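*Asks:* Required output: the full structure, derived from the provided sequences and hints.
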Amino acid sequence: MAEFHIDAKGLQCPAPIMRLFNQIKIAQPSDLVIIEVTDVGFKRDVEAWCHKMKHELVAVTEGDGVITAHIRKV
Amino acid sequence: MADDKKTIIVFSGELDRVMAAMVIARGAAAMGNEVTLFFTFWGLNILRKPAPPPVKKSFLEAMFGMMMPRGAGKVKLSKLNMGGLGTLMMQHVMKTKNVPSLPEMIAEAQEFGVKFIACTMSMDIMGIKPEELIDGLEFAGVAGYLGSADEANVNLFI
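Residue numbers (this note's numbering), protein chains in the order written: chain E, -14 to 59; chain G, 3 to 160.
Hints in this document: simulated from the structure, not taken from any laboratory. Errors might be hidden in some of the hints.
[To be verified] Under the rule of at most 30 Å between Cα atoms (straight-line distance), these lysine-lysine pairs were calculated in the DSBU-like manner:
| hint | chain 1 | residue 1 | chain 2 | residue 2 |
| --- | --- | --- | --- | --- |
| 1 | G | K58 | G | K97 |
| 2 | E | K37 | G | K7 |
| 3 | E | K28 | G | K7 |
| 4 | G | K51 | E | K(-6) |
| 5 | E | K(-6) | E | K28 |
| 6 | E | K37 | G | K117 |
| 7 | G | K117 | G | K76 |
| 8 | E | K28 | G | K117 |
| 9 | G | K99 | E | K10 |
[To be verified] Which chain G residues stay away from chain E? Per the calculated CB distances, all over 10 Å, these:
| hint | residue |
| --- | --- |
| 10 | R28 |
| 11 | A32 |
| 12 | M69 |
| 13 | M84 |
| 14 | Q112 |
| 15 | L148 |
Predicted model only: the values in this text are computed from it and were never measured. Here a beta-carbon is modelled for each residue, glycine too, at the ideal position from N, C-alpha and C.
*Replies:* So, in structure tokens, the structure goes:
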């Protein structure tokens, strides 16, 4: 079970979800993708993205202006 | 009607409007959609090559070509253009905030598999020939667009 980290800090919408899309594409089911963004809209975006793409949103945390999301590929 | 297909008619040829279309297109592609962009009228200017090969045109066609912006790098804001100053300021702000330029957004969208279709009727009216447009395009009329729109669950006119 692999873990992938994406540093999308400083990137503008929709670049973070584009990065997430590409990473999930090459990940295996059960792999974890951890993405960090500074885009404040991302919390809502990642929920919608996971709902649409049918992957598991494990956790979303915020702190110091950075939103960190953990997504597990289903 | 599928929930993974989206289309956008890009009728506008202004920087702010076309950028909005490209953000939506790239976002939709990043959510697993098959995205089709139909460029018509002023939107065709976005697809013009900055340095096209010489083409034979009538006088009016040549006039059209000269008066309209050539390519995504040359389009202006729809408001506050202020003789070009507003557009320059917007491009500067975009750069400092890490927003890709319009030509970069287009290249990204193409890499993501977004389909770019040029409206042949508009091309005819404005005297724009296929060789004057960027690579990677398909050409269609309104029926071609409507066929795609029929299958999509979101169809926008920008």
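*Asks:* Check the hint pairing K51 (chain G) with K(-6) (chain E) against an upper bound of 30 Å on the C-alpha distance.
*Replies:* 33 Å, violated
*Asks:* Does A32 (chain G) sit more than 10 Å from chain E, CB to CB?
*Replies:* For A32 (chain G), whose nearest Cβ neighbour in chain E is about 4 Å away, the distance does not exceed 10 Å, so it is violated.
*Asks:* Does K117 (chain G) sit within 30 Å of K28 (chain E), going by the straight-line distance between their CA atoms?
*Replies:* 29 Å, holds
*Asks:* Hey, K28 (chain E) versus K7 (chain G), does the alpha-carbon distance stay inside 30 Å?
*Replies:* 24 Å, holds
*Asks:* Straight-line Cα separation of K37 (chain E) and K117 (chain G) no greater than 30 Å?
*Replies:* 21 Å, holds
*Asks:* Mind checking the alpha carbons of K58 (chain G) and K97 (chain G) for me, to see if they're no more than 30 Å apart?
*Replies:* Not satisfied, since the Cα-Cα distance of roughly 37 Å exceeds 30 Å.
*Asks:* K99 (chain G) and K10 (chain E): Cα distance at most 30 Å?
*Replies:* Distance of about 28 Å is within 30 Å: holds.
*Asks:* Are all beta-carbon distances from L148 (chain G) to chain E longer than 10 Å?
*Replies:* Nearest chain E Cβ is 25 Å from L148 (chain G), so the label holds.
*Asks:* Run the distance test for K(-6) (chain E) versus K28 (chain E): straight-line Cα separation, threshold 30 Å.
*Replies:* 13 Å, holds
*Asks:* Going by Cβ atoms, does M84 (chain G) stay more than 10 Å from chain E at every point?
*Replies:* 24 Å, holds
*Asks:* K117 (chain G) and K76 (chain G) were given as a pair; does the straight-line alpha-carbon distance stay at or below 30 Å?
*Replies:* 22 Å, holds
*Asks:* Say whether it holds or is violated: Q112 (chain G) keeps its Cβ farther than 10 Å from all Cβ of chain E.
*Replies:* About 13 Å separates Q112 (chain G) from the closest Cβ of chain E, which puts it past 10 Å; holds.
Hint check: violations occur at hints 1, 4, 10 and 11; the rest are consistent with the structure.
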